[in-house]
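Residue numbers (the numbering used here), protein chains in the order written: chain E, 1 to 184; chain U, 1 to 278.
The hints are simulated quantities; they were obtained by calculation from the structure and are not laboratory data. Please note: incorrect hints may appear among the correct ones.
[What the hints assert, rightly or not] These stretches of chain U come out as covered by chain E in the derived footprint (C-beta under 8 Å, 3 or more residues):
(1) 39-51
(2) 165-173
(3) 203-210
(4) 248-257
Heads up, the beta-carbon is just placed ideally off N, CA and C, and yes, glycines get one too.
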Amino acid sequence: MDEQNRSKRFEEIFAVHLDAAYNLARWLTRDDSNAEDVVQEACLRAFKFMDSFHGGNGRAWLLAIVRNTFYTWLEKNRPQTMLNVPFDEDTLAANGHDVDALTLDANYGVDRLLEEEDTRRIVNQALDQLAVEFREVIVLRELEDMSYKEIAAVTNIPIGTVMSRLARGRKLLQQHLRQANLET
Amino acid sequence: MDCTHTQSLLHGYVDKELDAASVIAVDQHLHSCIACKRICDQYSALRSAVRQHASYYAAPAALGDRIRAKIGGPAAHAPAKTDKHRPQWFQLGQWLQLGAAAAATAVKDRSQWLQLGTAVAATAAVTWMAALQLNNPSQDDAISEQVIAGYARSVLTSHITDVATSDQHTVKPWLSGKLDFSPRVTDLTTAGFPLVGGRLDYLDNRLVAALVYRHRQHLINLFVWPYSKSDKPAGMQTLARNGYYLLHWSDAGMTYWAISDVDSADLKTFAETYARTK
Chain E
1 MDEQNRSKRF EEIFAVHLDA AYNLARWLTR DDSNAEDVVQ EACLRAFKFM DSFHGGNGRA
61 WLLAIVRNTF YTWLEKNRPQ TMLNVPFDED TLAANGHDVD ALTLDANYGV DRLLEEEDTR
121 RIVNQALDQL AVEFREVIVL RELEDMSYKE IAAVTNIPIG TVMSRLARGR KLLQQHLRQA
181 NLET
Chain U
1 MDCTHTQSLL HGYVDKELDA ASVIAVDQHL HSCIACKRIC DQYSALRSAV RQHASYYAAP
61 AALGDRIRAK IGGPAAHAPA KTDKHRPQWF QLGQWLQLGA AAAATAVKDR SQWLQLGTAV
121 AATAAVTWMA ALQLNNPSQD DAISEQVIAG YARSVLTSHI TDVATSDQHT VKPWLSGKLD
181 FSPRVTDLTT AGFPLVGGRL DYLDNRLVAA LVYRHRQHLI NLFVWPYSKS DKPAGMQTLA
241 RNGYYLLHWS DAGMTYWAIS DVDSADLKTF AETYARTK
């Protein structure tokens with residue numbers, strides 16, 4: 001692929017999906033400046049490997065690179081112990097009772113409608129508290145409106161795992177929101 | 001359907017990822033079970049809360065400019081590949097060495113993570129690209145696994161087709177409308193392989209057409225997508241994996257992967273009939 005063609009094809013994807021790339025990086029890193037670094041690095045890699053993009057879903061392709069770049073960054077920037085954010089079956093089982101007993105009102109956010117800004121802050125915080133494995137699938141599902149198949153393509157995990165992570169992530173998110181709701 | 005089964009499907013249900021038969025079964029259960037309906041409503045409410053209230057962080061304008069400058073700069077002046085003064089991010093070989101060094105060295109300086117991160121990222125990317133780009137056995141392995149996964153997924157989730165009709169003149173335009181290419185769709189009923197329909201699938205990093213045929217009680221999937229320039233037209237290759245037979249060939253700008261649990265002779269007959277019927 002010649003440079004001009006490469007630039008043109010890259011721009012087609014880049015121009016359309018830069019916001020999606022930044023949104024994902026911002027939710028993964030939870031920090032503006034780190035998100036910019038990750039996106040910049042990811043875009044340079046995407047441009048470099050433009051030849052591997054055979055057409056099709058440009059957003060999934062770019063987001064997969066953003067995600068890979070983030071995990072590389074994470075390994076470099078965090079003590080090893082912090083990588084193992086507890087999210088496995090055992091942890092959930094230990095909290096299982098609470099999760100089962102959890103009841104979030106169907107009209108949560110309506111009967112206790114807070115100011116829009118407060119609601120935004122609470123939802124953002126609850127999502128930020130989730131382990132990254134859950135946060136990423138929920139962000140891709142709800143904010144990028146991706147199908148399970150697209151999420152599987154971005155995260156390189158099987159569709160069944162996408163579904164189970166969404167299920168667990170949502171239960172934990174309910175828990176966090178309920179906690180926040182009680183505290184306000 | 002009981003409560004346990006229903007609740008296991010609720011996320012797929014609220015995400016609209018279930019096949020039609022399961023949706024109807026869940027609907028019926030929710031109609032008569034207040035407890036499950038309540039759980040379902042909670043998930044829906046949670047989804048709405050996130051969709052309406054979670055921040056969508058748009059990229060700062062300066063970021064786009066900065067990236068374009070980086071790419072435009074080096075790309076515009078990118079020297080030939082032998083030039084030693086290439087921009088740093090062209091120097092893959094050096095990255096690989098750096099990556100090895102970086103793995104052994106704990107670096108806390110934030111200003112360095114980008115460089116070192118790049119090195120490790122490049123290592124991963126090179127492996128990944130190799131799998132994608134090279135037309136070699138390992139690429140075929142990777143694709144054959146995806147082909148098996150696509151086939152198995154369609155059977156397990158009863159999502160055999162997106163468009164179910166034996167009319168080739170319905171299947172072809174439906175697929176063409178969803179894809180950036182137009183697969184050849186031929187009903188092979190007379191040869192013993194009636195067309196069941198078509199669906200979209202995601203293989204090899206792209207949307208592909210999956211044509212679905214039946215042979216006696218067996219389903220055959222034929223995955224079709226345009227092959228990239230690096231691939232050469234290839235004669236038929238047979239693989240046996242996990243109890244499935246796969247047949248792979250390329251022809252007239254398209255690459256084909258047929259998979260089924262029929263025996264290999266039947267699959268070969270199918271592929272040859274399809275390839276012959278223009």
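Verification of the hints:
With 11 residues having a Cβ less than 8 Å from any Cβ of chain E, the region 39-51 of chain U passes the three-residue criterion, so the hint holds. Counting residues of the region 165-173 of chain U whose beta carbon lies closer than 8 Å to any beta carbon of chain E gives 0, which falls below the threshold of three, so the coverage claim is violated. Only when three residues or more bring their CB closer than 8 Å to a CB of chain E does the claim for the region 203-210 of chain U stand; here the count is 4, and the claim holds. Given as covered by chain E, the region 248-257 of chain U fails the check, having 0 residues with a CB less than 8 Å from a CB of that chain where 3 are the minimum.
The structure shown violates the earlier hints numbered 2, 4.
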